[in-house]
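Letter by letter, the chains look like this.
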Amino acid sequence: MEPPKTPSSFMSPRPPTPSTIPSKITVNFVLPYASELATKEVDMVIIPATTGQMGVLPGHVPTIAELKPGILSVHEGNDVTKYFLSSGFAFIHANSVADIIAVEAVPVDRIDQNSVQKGLAEFTQKVNSASTDLEKAEAQIGVDVHSALNSALSG
Amino acid sequence: MASNAAVPFWRAAGMTYITYSNICANLVRNCLKEPYKTEALTREKVHFSIATWKEGKPEKPVIRSDTPEE
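Chains as they are written, first to last, in this note's numbering: chain B, 344 to 498; chain R, 44 to 113.
Pulled out of the complex, with its shape left as it was, chain B reads as follows (with noise of 0.2 Å):
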C-alpha cells in the first residue's frame, strides 16, 4: 500500500537555479489593482531599497528587500522606465526573477510638482509642531514621503 501523500508533496517544487547565470532577469512588478509587468525579461532594475538604492542583474543572490518611497528603475537596453513607488518589497529569487510588490506606483511625469512642495512645507511644519509620538510619526511619514516626491522629481 502506498504511504500517504503529505501537503508538500502538493506544492510545486521550488523552480531550479540554472547552472549558468541568465543574461537577463524576469520582473513581475504588481500593484493591488493592476500587474505594472509580467515576466518582462529586463537586463536590470534598480531598487529603491530601505537600504539604499540597490541594482539588480541577472545572476543576483537571492534577497527579500523592504522598499522605501523612491524611484523604481527598469533598464532594458537603451530605454530606461522610471515608477515612483510609495512602497513595498521586493524579492530576488535564485533563478533571476523578480517580484517587486507596491501600494502605488506612478510614472515619474504624474507628479504634480506643486502639490509635493506644498505637502513638504505642510508636514515639516507639522514634524516641528507634533505632541504625540503617533502624530510627531505621521508628520515624519509626511516628510519622507515628500522628500522622496521632490527628489524624483528633480532627479
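Hints in this document: simulated from the structure, not taken from any laboratory.
Worth double-checking, as some hints may not be accurate.
Computed from the model, here is a short list of chain R residues facing chain B with C-beta under 7 Å [unchecked claim]:
{"#": "1", "residue": "I66"}
{"#": "2", "residue": "V71"}
{"#": "3", "residue": "K76"}
In this text, a Cβ means the ideal position worked out from N, Cα and C, and glycines have one as well.
Using the hints provided, position chain R relative to the given structure of chain B.
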C-alpha cells in the same frame, strides 16, 4: 543576539507596517496630476458596514464610507 534590533521610527511609535504603507500610498496619490489623481482617489474609495458582536448578538452596524450619505 539583537532581539531588540533597531526598529523603524513608525514601529517604535506603535504603527504597523500596513498603516505605514497605506499612509505613504495616500500621500503619493494626493500628489498626482489631475486626471490621474481623481482616477486614483475614485479607485480607492471604500464603503463598508461594520457590526461589532457582543454576547452573541450584533450591535448596530456602523457604515464607513467615502461616498456622502444619501
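These are the hints, each one checked on the structure:
no. : hint : result
1   : I66  : holds (5 Å)
2   : V71  : holds (4 Å)
3   : K76  : holds (5 Å)
The earlier numbered hints are all upheld by this structure, with none contradicted.
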